[in-house]
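Starting from the given sequences, assemble the full structure and let the hints guide the process.
Chains as they are written, first to last, in the numbering used here: chain L, 1 to 475; chain U, 476 to 717.
Worth flagging that the hints you see were computed from the coordinates, not collected in a lab.
Bear in mind the structure is a predicted one, so any value in this text is a computation, not a measurement.
Some hints here could point you the wrong way.
[Unchecked claim] What the simulated footprint calls covered on chain L by chain U, stretch by stretch (three residues with Cβ under 8 Å from a Cβ of chain U suffice, anywhere in the stretch; the number is not a length): (1) 10-16; (2) 23-33.
[What the hints assert, rightly or not] Dumping the calculated SDA-like pairs for lysine to any residue here, alpha-carbon to alpha-carbon at most 20 Å: (3) L:K134 x L:K95; (4) L:K187 x U:S600; (5) U:K599 x L:T166; (6) L:K95 x U:T520; (7) L:K212 x U:K599; (8) L:K212 x U:S561; (9) L:K209 x U:E522; (10) L:K95 x U:Q482; (11) U:K595 x L:K95; (12) U:K595 x L:P408; (13) L:K187 x U:T520; (14) L:K209 x U:K599; (15) U:K595 x L:D205; (16) L:K358 x L:R391; (17) U:K599 x L:E201; (18) L:K95 x U:S561.
Beta carbons are placed, not taken as given, at the ideal position from N, Cα and C, and that holds for glycine.
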Amino acid sequence: MTGASATERSLDDLTLGSALALEELVERTALGEMASSFFDLFGVPLRIFSEAGVLLADATKQPAIYEYLNERHRRARAALQEVVAAVKRIDPGPKGEASYTCFTGAVYHVVAINYDNRQLGRMILGPFLPPTVKEIPQSFLQVEPDADLVVVKELLTQMPRAREETVRQIARHLRGTLDLILFSGHKALLTSSMHLASVRESFRDLQEKNEKLQEAYDRLKELDRLKSNFLATVSHELRTPLTSIIGYSEMLVEGIAGSMSGEQTEFVRTIHEKGEQLLELISGLLDLSKLESGTLAIRKSDVAVDQLISDIMQTVSPAARKRGVFVTSDLDAGLPRLWADSTRLRQIFLNLTDNALKFTPQGGRVVISGKLTTMDVEPDDEEGGLVLLPRKQPAIEVRVADTGIGLPDNEKTKVFDAFYQVDSSSTRQVGGTGLGLSIVKRLVEAHDGRVFIEDNHPKGCIFVVIIPCRRSTLS
Amino acid sequence: MQLDFAQRELTVKLVYYGPALSGKTSNLQALHDATDPSATGRLMTLETKDDRTLFFDLLPLTFRGQGELAVRIKVFTVPGQVIHSSTRRLVVQGADGVAFIADSQVAETQHNAEAFLDLKQNLKSNGLALKQMPLIIQFNKRDMKDVRTDEEIASLAAQGREPVYLAVATRGEGVVESFLGLLHLTWSALEAEHALGKKFGFDSHAFLADVAAKLNDRRSVSEILGTCVGGALEVLRPEASP
Numbered sequence: 001m002t003g004a005s006a007t008e009r010s011l012d013d014l015t016l017g018s019a020l021a022l023e024e025l026v027e028r029t030a031l032g033e034m035a036s037s038f039f040d041l042f043g044v045p046l047r048i049f050s051e052a053g054v055l056l057a058d059a060t061k062q063p064a065i066y067e068y069l070n071e072r073h074r075r076a077r078a079a080l081q082e083v084v085a086a087v088k089r090i091d092p093g094p095k096g097e098a099s100y101t102c103f104t105g106a107v108y109h110v111v112a113i114n115y116d117n118r119q120l121g122r123m124i125l126g127p128f129l130p131p132t133v134k135e136i137p138q139s140f141l142q143v144e145p146d147a148d149l150v151v152v153k154e155l156l157t158q159m160p161r162a163r164e165e166t167v168r169q170i171a172r173h174l175r176g177t178l179d180l181i182l183f184s185g186h187k188a189l190l191t192s193s194m195h196l197a198s199v200r201e202s203f204r205d206l207q208e209k210n211e212k213l214q215e216a217y218d219r220l221k222e223l224d225r226l227k228s229n230f231l232a233t234v235s236h237e238l239r240t241p242l243t244s245i246i247g248y249s250e251m252l253v254e255g256i257a258g259s260m261s262g263e264q265t266e267f268v269r270t271i272h273e274k275g276e277q278l279l280e281l282i283s284g285l286l287d288l289s290k291l292e293s294g295t296l297a298i299r300k301s302d303v304a305v306d307q308l309i310s311d312i313m314q315t316v317s318p319a320a321r322k323r324g325v326f327v328t329s330d331l332d333a334g335l336p337r338l339w340a341d342s343t344r345l346r347q348i349f350l351n352l353t354d355n356a357l358k359f360t361p362q363g364g365r366v367v368i369s370g371k372l373t374t375m376d377v378e379p380d381d382e383e384g385g386l387v388l389l390p391r392k393q394p395a396i397e398v399r400v401a402d403t404g405i406g407l408p409d410n411e412k413t414k415v416f417d418a419f420y421q422v423d424s425s426s427t428r429q430v431g432g433t434g435l436g437l438s439i440v441k442r443l444v445e446a447h448d449g450r451v452f453i454e455d456n457h458p459k460g461c462i463f464v465v466i467i468p469c470r471r472s473t474l475s
Numbered sequence: 476m477q478l479d480f481a482q483r484e485l486t487v488k489l490v491y492y493g494p495a496l497s498g499k500t501s502n503l504q505a506l507h508d509a510t511d512p513s514a515t516g517r518l519m520t521l522e523t524k525d526d527r528t529l530f531f532d533l534l535p536l537t538f539r540g541q542g543e544l545a546v547r548i549k550v551f552t553v554p555g556q557v558i559h560s561s562t563r564r565l566v567v568q569g570a571d572g573v574a575f576i577a578d579s580q581v582a583e584t585q586h587n588a589e590a591f592l593d594l595k596q597n598l599k600s601n602g603l604a605l606k607q608m609p610l611i612i613q614f615n616k617r618d619m620k621d622v623r624t625d626e627e628i629a630s631l632a633a634q635g636r637e638p639v640y641l642a643v644a645t646r647g648e649g650v651v652e653s654f655l656g657l658l659h660l661t662w663s664a665l666e667a668e669h670a671l672g673k674k675f676g677f678d679s680h681a682f683l684a685d686v687a688a689k690l691n692d693r694r695s696v697s698e699i700l701g702t703c704v705g706g707a708l709e710v711l712r713p714e715a716s717p
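The following block contains the structure:
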């Protein structure tokens, strides 16, 4: 169910019911100003009351005769108080207007303020003296026979004079004006409450959708975790029999089980080779799922990067020679040691170099370079003392540059997604599982480092790995 | 519906629903113009500067039946634009009856259907069932080019439950008919639920005749109601009765 809280009124309350109050629809100060200007124009006093009896506007001046009587004549003062109270009580009735005549001969005209068939308040016009009152009325003499009649007559002439019909006409005009003001006020009130209600409703709507999204997200995360678990289990189970296949085929090739013909040896060697490939793939999957689930153990120690890279150079040089690609390295002297897992670090650089070779055509060149650099420290104030810590930290940057086909910009981040292939057609020229780079990225991140791709001019690309030196330099 | 026993006054809420620019506000304007000044107040429109309804329009009507009951009818429109769904949901809250104003143009068929589903959804989220809501459908803009034909609408209407009216709201055609049809349906549903006639000595037929007269339509009520195509006007939604 939609709806506002108990303290706020619904659209129905503001449009259907009788809950509207005059003071909600008009601005009190402005109403007072209107009443004053009316008084200035017509000279007839005007007071406006809400339905609850609250005085909202008061444009009156105590007539001199009232002042005189209040000051000097006790009986007349009491009678005047009664008049004021009686006028306040008058119900305009179904006709919407009523009159009251004071003992002084002055008249009060009471008019209902209606809006949408509901009475919201009353206007009291007067006291004024109709032109028909020429002498001191009998009623006055009855109330206050002792008054100085010369003074009273003089003061009576100072009272605002108006014909009752004229006052009625003025009241009608005033009522029409007020109706327009009330309509505008109601419209403004509705607009503002609808603004609020709509915003609240939209917010509620969005909140509901957010909750649904969060649920879906949680469910997907759970599914992803299940998938990783499954992958880990399956990879492990696959590896066990594969070890036997590789081991026995290797023994066969080595002639442990007797000699074989040239063709037989060739076949078994193929079995062994493909078995190794399969193992690599499965190990990749296993690594990936462990990296995803955060269970891959990173065993850090001091690693000499230059040593590691020259090892890799040696490892890849036979394959490079076979493909007719030149592999060279360009390492700054005196590179500090890295605090890292040497096996994983080797995996990172070997994978990138293999990759570079794979995509570099014959006669091309792969360059592995390394230098000391710095990288930004991720602000982490949990430990405190942030202000004391260096903004930059020393890091080692290794760049593997090739002169291959290169990568368009939109592919430069996608290639790090698991199973992503730039050329996903079945006829692609270069093999691979699409796991290598995603494993590289995760391994680099496990070392708090970054990996990204730059263009190698005029062609090819450069894989840049930056890994902070961390403990090894600090310690 | 709000019933004020002390004032012997009943307030009924009718909502004009439909896709953007189908003529909901035009319906209210035409209804306001047709109504005797003694029975209507100002038409309030909360619109943006481009004449599109932002929150709603509100037309207050007051009729006095032959019993002692005064009937105040508040006719609302909703903003048709798709983005104002939350506002529509607020306006349709507590509706006693709904007039669905459809755009007759062939190209608008899909928008009509979407707005209708939106109505259903918004009623549902207010705890109201479309099935139990007094509902008429008006095919407006009959004067446009490329509109769905009378025959097509009539044959589809004949299969449906909702009374269907044809209208050109900007010329006032079909407006009073649609309103009276909706009022008749709504009144029957309220009568079935609250037995107003018995409680207040209220003659609903005379009431409708009075409304028709105040809307300056000289035809008999049955003649006016009879202008609808299809649907069931006599026995309203049997499942709505308790």
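So, going through the hints one by one against the coordinates:
1. Under a criterion of three residues with beta carbons nearer than 8 Å to beta carbons of chain U, the stated coverage of the segment 10-16 of chain L is upheld, 5 such residues being counted.
2. Only when three residues or more bring their CB closer than 8 Å to a CB of chain U does the claim for the segment 23-33 of chain L stand; here the count is 0, and the claim is violated.
3. This hinted pair does not check out: K134 of chain L and K95 of chain L have alpha carbons roughly 30 Å apart, beyond 20 Å.
4. Taking the CA atoms of K187 of chain L and S600 of chain U, the gap is about 27 Å. The hint is violated against a cut of 20 Å.
5. Between K599 of chain U and T166 of chain L the CA atoms are separated by roughly 57 Å; this puts the pair beyond 20 Å, and the hint is violated.
6. Among the hinted pairs, K95 of chain L with T520 of chain U is inconsistent with the structure: their alpha-carbon atoms are about 30 Å apart, more than 20 Å.
7. Proximity of K212 of chain L to K599 of chain U is assessed by CA-CA distance (about 19 Å); at most 20 Å being required, the pair is judged to hold.
8. At most 20 Å may separate the alpha-carbon atoms for a hinted pair to count; K212 of chain L and S561 of chain U meet this at roughly 18 Å.
9. Taken as a hint, the K209 of chain L and E522 of chain U pair is broken in the structure, with Cα atoms around 29 Å apart against an allowance of 20 Å.
10. Pair hint K95 of chain L plus Q482 of chain U holds up; C-alpha atoms about 17 Å apart against a cutoff of 20 Å.
11. The suggested pairing of K595 of chain U with K95 of chain L is violated, with an alpha-carbon distance near 45 Å, which exceeds 20 Å.
12. For the hint pairing K595 of chain U with P408 of chain L, the CA-to-CA distance comes to about 49 Å; that exceeds 20 Å, so the pair is violated.
13. Note on K187 of chain L and T520 of chain U: the hinted pairing holds, with a Cα-Cα distance of about 8 Å set against a maximum of 20 Å.
14. With a C-alpha separation of about 17 Å, the suggested pairing of K209 of chain L with K599 of chain U holds against the 20 Å cut-off.
15. The hinted pair formed by K595 of chain U and D205 of chain L meets the criterion: a straight-line CA distance of about 17 Å does not exceed 20 Å.
16. Taken as a hint, the K358 of chain L and R391 of chain L pair is broken in the structure, with Cα atoms around 38 Å apart against an allowance of 20 Å.
17. The hinted pair formed by K599 of chain U and E201 of chain L meets the criterion: a straight-line CA distance of about 15 Å does not exceed 20 Å.
18. For the hint linking K95 of chain L to S561 of chain U, the alpha-carbon distance of about 43 Å lies beyond 20 Å, and the restraint is violated.
Hint violations for this structure: numbers 2, 3, 4, 5, 6, 9, 11, 12, 16 and 18, all remaining hints satisfied.
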